[in-house]
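Protein chains: 2
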Amino acid sequence: MATDPPVFDPSEHPHRRYNPLLREYVLVSPHRMKRPWLGQVEPPAADTLPQYDPKCYLCPGNSRSEGAVLPQYTETYTFANDYPALLAGPLPPAPPAPHPLLITEPVLGGCDVVIFHPRHDYTLARLTVGEIEKVVVEWTRVFVQRGMQEGVKYVQVFENKGAIMGCSNPHPHGQVWSMSSIPQIPSVELRNLVKYSLSPPPDPPSGAPRGDKGKPCMLCEYAHFEKGAGERVVLEEGPWVALVPWWAVWPFEVMLLPTHRHISSLLDLTPDERTSLSTAISRLTKRYDNLFSCSFAYSMGVHQRPTPMQLDDEGEAAHLHLHFDPPLLRSATVKKFLVGFELMAEAQRDLTPEQAAKRMRELSEVHYLDLMD
Amino acid sequence: MATDPPVFDPSEHPHRRYNPLLREYVLVSPHRMKRPWLGQVEPPAADTLPQYDPKCYLCPGNSRSEGAVLPQYTETYTFANDYPALLAGPLPPAPPAPHPLLITEPVLGGCDVVIFHPRHDYTLARLTVGEIEKVVVEWTRVFVQRGMQEGVKYVQVFENKGAIMGCSNPHPHGQVWSMSSIPQIPSVELRNLVKYSLSPPPDPPSGAPRGDKGKPCMLCEYAHFEKGAGERVVLEEGPWVALVPWWAVWPFEVMLLPTHRHISSLLDLTPDERTSLSTAISRLTKRYDNLFSCSFAYSMGVHQRPTPMQLDDEGEAAHLHLHFDPPLLRSATVKKFLVGFELMAEAQRDLTPEQAAKRMRELSEVHYLDLMD
Ligand SMILES: [Zn+2]
Ligand SMILES: [Zn+2]
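As you go down the protein sequences, you meet chains A and B in turn.
All you need for the numbering used here is the position in the first sequence, starting with 1, plus 26.
All you need for the numbering used here is the position in the second sequence, starting with 1, plus 26.
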């Protein structure tokens, strides 16, 4: 009682950080990381996958399901998922609620699979920038096409990579799920971006870009601040910054977003912006692989404006960004589990975002496999 | 365009369900489950764990960490975690925010480990009701004790069970993390329970119990409705109901709560209510183990009123309930991963809550190991 409280040290004292995008807290326990980083890395794993796997349902020319054969595609290739979680309309009307607390909302949409490259043994980290750019162009095409489908309100581009994430096929691919409602997480983000855009701009002005009609944009503001602060930045590439967010839940979580202007969707990218985004993805995924000398597992998602394109609050307030949520903690096999306290109470991390960003800044961008014989 | 929209069928049409406790949606894709349940079960796994493991840091008489030895305890035993995520005070004052978007909140608290039983090879499903009741009594004791610690606002009781959940020690135990802020998830639940308690009561009256001062309680109302509807109920035990919530995210997610009166914490249980709760836990965990003939993995958490006990809105609106979130989907080894679309957009399930509850109702309450030689 008589002792003075200590002065707060973010690398020492347990604390919570606030995520203004989701209005959620994450618990940070940095004192558990006080041991110095031991540089513990797995021995590099040689890439043992074949370039072509006759049993892979994504390799060119193979049968992807009963009666459907993939063409001999030579670059990205997209097809509608044969077992989609969402179906095209017509949409049945919502049934009456059996109780006011039991609400149902019918949904329509569709699910696409985007194969990144014909080579079975590649990942984004092993593609050239030009090849990644073809993936970005394909994401954009599907975003526009699905966004014009009747009733579709949101097009969610994502990639789930790695056996540790339950992804059973290593062939490089992502998915696009399109839906007649804005899904939970982008919906909360958009609501908070809209709220921020309607609030008074920072005073004095921060020098950050502004959104449509000069409105404040939380992510323009945030990216601008982080670029200046530097301690959570992993890399910068032209107008793009990859950073470990202040409120990151996953050990090496990264957000990749533009800093120089308000961009609401993939469709709004200039050719130069698209190329530099592709370079940023290449550099980031190489760093990820080099972190534990393994093909790094993650879930990646693109958040952007709802569809169809219209001049509403959400469309204006949306700020294009990519999330990378990787579960790996200390090596290729040590995984962070979101269980127990995290499922029941609050997300928690030991390693601080600043420590994670520093580790990632120190890594090479030459892929570890390119250094092996 | 000319075809009439079909009539909504919850076991046929993709839809979203609303969770009023968290104000979140979950996407349900029931058409992917149209194949009949194949009764696929793993061959029963004989229990190969020893009753005592000399290397276990939780077995009686063993060393739990450098310099700390466990006594020869004969029933439940609690000790403070040697590597806690939360530390006792004094709490440093919050630092100034480097930017209005970057908010830090220092926290204090403590982390306890509650060993359920001396036997290394037991789980809640293998304990007698009397032994489970000792665990419930111990949870209550720690809830009261930690709730009196200076600055503690919430006491989170939970169990993380199973190697598939990252729990490295099978010795039956749970944890209690106490914190100077109400953690994210119970905080959102409490906010919505308070809102509901301040809204007009159902008209006409539903016959459900009411909260303190006759205020409406969302969970009294919900449990009362589900008890009557029956299709999501797994079991009833005296005043307790175990049900798969309308908005369940995990395949066999269960909420266990009282239906006969508004109870805000473990401390408010009568001896009879505590015994019937213990019986309900016993019956539920036996059914879980019988589902795939394995020691079923889950995270379990107790949600109740904040501490210290005071007559505020949150304390009054809290309704005691236990969540069981199990990741197993079709067998002891097929796990549901919360990745990709779920991390980036919205929780998703194929099996409907009604189908899951029906499966669980059909199971025996005689533990599969008691049927083996
Ligand atoms: Zn986002
Ligand atoms: Zn709860």
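It should be emphasised that the hints constitute simulated quantities derived from the structure, not laboratory data.
It cannot be assumed that every hint is accurate.
Unchecked claim - Result set (SDA-like, lysine to any residue): computed pairs, CA atoms no more than 25 Å apart in a straight line: (1) Lys81(B) / Tyr148(B); (2) Lys179(A) / Gly156(A); (3) Lys179(A) / Arg58(B); (4) Lys241(A) / Ala189(B); (5) Lys361(B) / Arg90(A); (6) Lys384(B) / Leu128(A); (7) Lys221(B) / Asn45(A); (8) Lys362(A) / Lys384(B); (9) Lys160(A) / Thr301(A); (10) Lys253(B) / His199(A); (11) Lys160(B) / Thr305(B); (12) Lys81(B) / Arg58(B).
On a predicted model such as this, the values are computed, not experimentally measured, just so you know.
*Going straight from one Cα to the other, do Lys361(B) and Arg90(A) come out at no more than 25 Å?*
Since the Cα atoms of Lys361(B) and Arg90(A) sit roughly 23 Å apart, the hinted pair holds (cutoff 25 Å).
*Under the criterion that the straight-line Cα-Cα distance not exceed 25 Å, is the pair Lys253(B), His199(A) satisfied?*
This hinted pair is violated, its Cα atoms lying about 45 Å apart.
*asked:* For Lys81(B) and Arg58(B), compute the direct alpha-carbon distance and say whether it is at most 25 Å.
replied: Between Lys81(B) and Arg58(B) the Cα gap is close to 45 Å, so the pair fails against 25 Å, i.e. violated.
*asked:* For Lys160(B) and Thr305(B), compute the direct alpha-carbon distance and say whether it is at most 25 Å.
replied: holds, 12 Å
_Given the hinted pair Lys179(A) and Arg58(B), is their Cα-Cα distance within 25 Å?_
holds, 23 Å
_Hinted pair, alpha-carbon criterion (25 Å max): Lys160(A), Thr301(A). Please report holds or violated._
The given pair, whose Cα atoms are some 10 Å apart, holds under the 25 Å limit.
*Take a quick look at whether Lys81(B) and Tyr148(B) sit within 25 Å of each other, Cα to Cα.*
Given that 25 Å is the threshold and the Cα spacing comes to 16 Å, the pair holds.
*For the pair supplied as a hint, Lys179(A) and Gly156(A), confirm whether the alpha-carbon distance does not exceed 25 Å.*
violated, 30 Å
*asked:* Does Leu128(A) sit within 25 Å of Lys384(B), going by the straight-line distance between their CA atoms?
replied: holds, 18 Å
_Next pair to validate is Lys362(A) with Lys384(B); report whether the Cα-Cα distance is within 25 Å._
Violated. Lys362(A) to Lys384(B) sits at ~33 Å, over the 25 Å cutoff.
*Holds or violated: are the alpha carbons of Lys241(A) and Ala189(B) at most 25 Å from each other?*
violated, 50 Å
*asked:* With the threshold set at 25 Å, check whether the alpha-carbon distance from Lys221(B) to Asn45(A) stays at or below it.
replied: holds, 23 Å
In summary, the structure is inconsistent with hints 2, 4, 8, 10, 12 from the numbered list given earlier, while agreeing with the others.
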